[in-house]
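Build the complex from these two chains, which are given one at a time in their own frames, with help from the hints.
Protein chains in written order, with this note's numbering: chain A, 1 to 284; chain B, 1 to 264.
One thing to keep in mind: the hints can contain errors.
Listed next, the in silico EDC-like pairs over lysine to aspartate or glutamate satisfying Cα-Cα at most 16 Å (straight line) [to be verified]:
#1 A:68 - B:121
#2 A:96 - B:121
#3 B:181 - B:142
Simulated from the structure, these hints should not be mistaken for laboratory data. Note that the structure is predicted; figures quoted are calculated from it, not measured.
The primary structure of each chain is shown beneath.
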Amino acid sequence: MAQFMTLPDAVAQNLKSGDTAAFEGFTHLIPHASAHEAIRQGIKDLTLVRMTPDVVYDQLIGVGAVRKLIFSYAGNPGVGLLRRLRDSVENGWPHKIEIEEHSHAAMANAYEAGAAGLPFAVLRGYKGAGLPSVNPNIRSVTCPFTGEELAAVPAIRPDVSFIHAQKADRKGNVLIEGIVGVQKEAVLAAKRSVVTVEEIVDELDAHPNACVLPGWAVTAISLVPGGAHPSYAHGYYSRDNASYIAWDKIAADRDTFLAWMKDNVLDAKPEDFADRIKHLRSAA
Amino acid sequence: MSDNDFTSNEMMTIAASRALKNTDVCFVGIGAPSAACNIARLTHAPDVTLIYESGTIGTAPNVLPLSIGDGELCDTAVTTVSVPEMFRYWLQGGRVTVGFLGAAQIDRFGNINTTVIGDYDAPKTRLPGGGGAPEIASSCGEIFITLKQSRRAMVDKIDFFTSFGHGEGGDHRERLGITTKGPTLMVTDLAVWKPDPVTREFTVVSMHPGVTREMVQAECGWTVRFAEQLEETPAPTGIELKTLRDLNARTKAAHSGGKSGEAA
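If we strip away everything but chain B, and leave its shape as in the complex, we get (with noise of 0.2 Å):
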């Protein structure tokens, strides 16, 4: 691959460490929105503060991490606090700006569904539930989310209700007695989705560089919005992509290397 080429999930990856500022404090998902994360960190935001749900506060891991409290986080990181302090304090307490969650199950008002896929009580697919999502989306000032796009995974109606984005829309968060702003951005491999501001459904206000509008759709389960002003997504610089790229190969080596294979 040349210098100039970089897949969807690079530019997607890419293009959600934009949105992240050096002063934010950030409570970082495991997958998709760490690797964006630490690309932020490791680019145009030096000083972010990351935050993992384990309580490591922030945080400058070396490789990314492949659960949300491996050694690297605590290793690397200013302070390591109890789990309940984590929550009580750092997260309940209103210290957190922006939260960035991945998600399995997403409508178009950002309601995120990780627990199960089909009925509660007699699943098709039993997902590993919600962590610490329902009061992540509820006590970060905003929330980020970041998705590979397809039609099993963009819904119109999702199958249970992990954690609430805009609900039905509209002023329901405001109706439900929460203050904090929700959903503001989602960043997929093909398009950059903000909320309209009245009815807060997630509008495509950038696509990435090569990608249509049938493309957009043709992997989302509801009929897309486009905003009037349509812009491209600028591409991945240089910089961005050998960050990027470097990061993955030293997570790899790290997470390959020296293992028996053996579990216990």
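The shape of chain A in the complex, shown without the other chains (with noise of 0.2 Å):
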């Protein structure tokens, strides 16, 4: 059953230096908050897991909290590249990150075979692509029944999975509206989830097929306004795109990126994320 706990209280509890962990959102509702509190409390060590690893996986490479990645598209949605991850890659700087490369398909299909409790996931993709030839996770099965040859992966099965949602009611039940990407398939297929929400309300009023993750399927629940920002939380705030185009420069230069973890993370509380949104809120 989902306990109610700060986000320090949530994080120590549940991530240790050497998880694989993911921080899952697809383009919205990222939990930043866990992620800034993941950096704060020293963690290192970690296999991240995720398919669009953006700003703030930039910032978990930078400060070297990352020994390997496991993601399907690495950028700063339409801004451009992630200097902290090429400085990395390319560079070395503050160590070079094992990566392990799939496609979107292949990632959303292994986190459902993780929830599903199967060892790996089947898709009809990757024909001549690349990928395969520099990933020995991605293999091939026959179907025994038609004989077609068809893509493999292994699931994806993390020690502990973070999201943030809308909301949740006080016994633990969480709602996520929206863009809902691959955040349910994430919290199943781990086993431990901590979810940061907006508010926490008596009733989540849902529609009958909405989106729903039973508290006794959810490990940890904080309360934390904001804490998707500069990613939006839908019907709450916007997304604060001028923070995307503003991390190209900060993450370009190594000085410049320390300087700026140091005041906004190292320096911050989970608190902190409500005065980021205010001014985004209502344009939702």
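Below is the structure:
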């Protein structure tokens, strides 16, 4: 059953150095506050999983918290490349991370297989593509019924998945609305899960077919209004596009990056996120 | 700029938009394809179904999204599905007629690289990677490509096969068991290209107004083939230009207005 606790407690109890962790969000509801808390707690040697690593994974890589990245698209959406990731892969700063690269279809299928308790995912994919030649975890299986050769990738089973959602009720049931991405699968595929929410309410008041995670399927819930910023929370606040654009300059230089991390992450706290989205509210 | 003047980028977007039919179901790549697809929807193809890989199906954004997951796409969609459903049921299930892609690097057979420049293990430039492209390229009924021409982008040999076009040409797709058509159209800022029916090499079939063969060749890294019946791309109409400029103005206002610029 989901336990309500502060974000520092939720991270301390569920994430340790060396874990495989997913901070999921497909361009929406990205759990920035949780990742910042992980950085503040000095957690290292992580294997990070995410379909679309963007600004917050750039930050985790840049502070040296990451050993390996499993992903399918690593960019600053609509802006460009991830400069801290590039510095790690191209120049080994602060160290060279290991990379396991897939396509979106394979990652989505692999999360679903993890949630379904299967050892691997099967898809009609990667035909003619170069990734199978550089990623030994992309293999093939033959359909026992038709003989068709299909791609196979291992299921994703994180030690812990972090997501951000709109709201939880007092029993810990979580409602996710808008672009739901792969968050439900990420939580159900993981051994433990931490959900930050915009608000805690008496009633979820959800449509019968809404994307709801029952409280008994979630490990910990923390109230962190604004916890997705500069990503957005549908119905609460809009995406801070200017921050994504600004990140490109901040991340371009190692010293600028480190100074920004000190001011905005190391010397900050989860409660600061509420201020960061004040000017973005109601426009959502 | 008078109503009759247009830039090469505007010509590219408008020429690309004309390729989409009202009945198409189109998987939209971000950037240049996104603008073209929405111009199609706002002009001759109001009922075209636009799908972005964030799971938004039948979306009709009022401004162009900065990312494939902007809230605008969800707000205006017929429905928004999970990402696994998007890729399994809708894309792999064969319900998408056109995939519209951009490219960082492309060769004459429509093979695309958005993964690395240089060696994969020690890249000169680490690019974002394929995202949805590997399966978009094989599962959509056909592929349209749009990009601005340059010798850096249009190369003799790509550094990495992010997504497969016609491979080495000819029947290479069939030999790999791929049943979809692959790249059938490429629209650049200078010309419209279609694959040769036999070799599958992209061939210029139409040049935009004012463009010469030399200009096309100057910005292409391989020796360009031109069709025997070379046409001139019709110039943008007043309605097409106004629609595109209005969309760009709305987009610019929406993405720059009232934001702090403080990243987090």
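Tested hints:
Between the alpha carbons of residue 68 (chain A) and residue 121 (chain B) the distance comes to roughly 14 Å, so the proposed pair stays at or under 16 Å and holds. Using a Cα cut-off of 16 Å, the hinted pair residue 96 (chain A) and residue 121 (chain B) holds, with the two alpha carbons roughly 11 Å apart. For the suggested pair residue 181 (chain B) and residue 142 (chain B), the alpha carbons sit about 5 Å apart, so the restraint of at most 16 Å is met.
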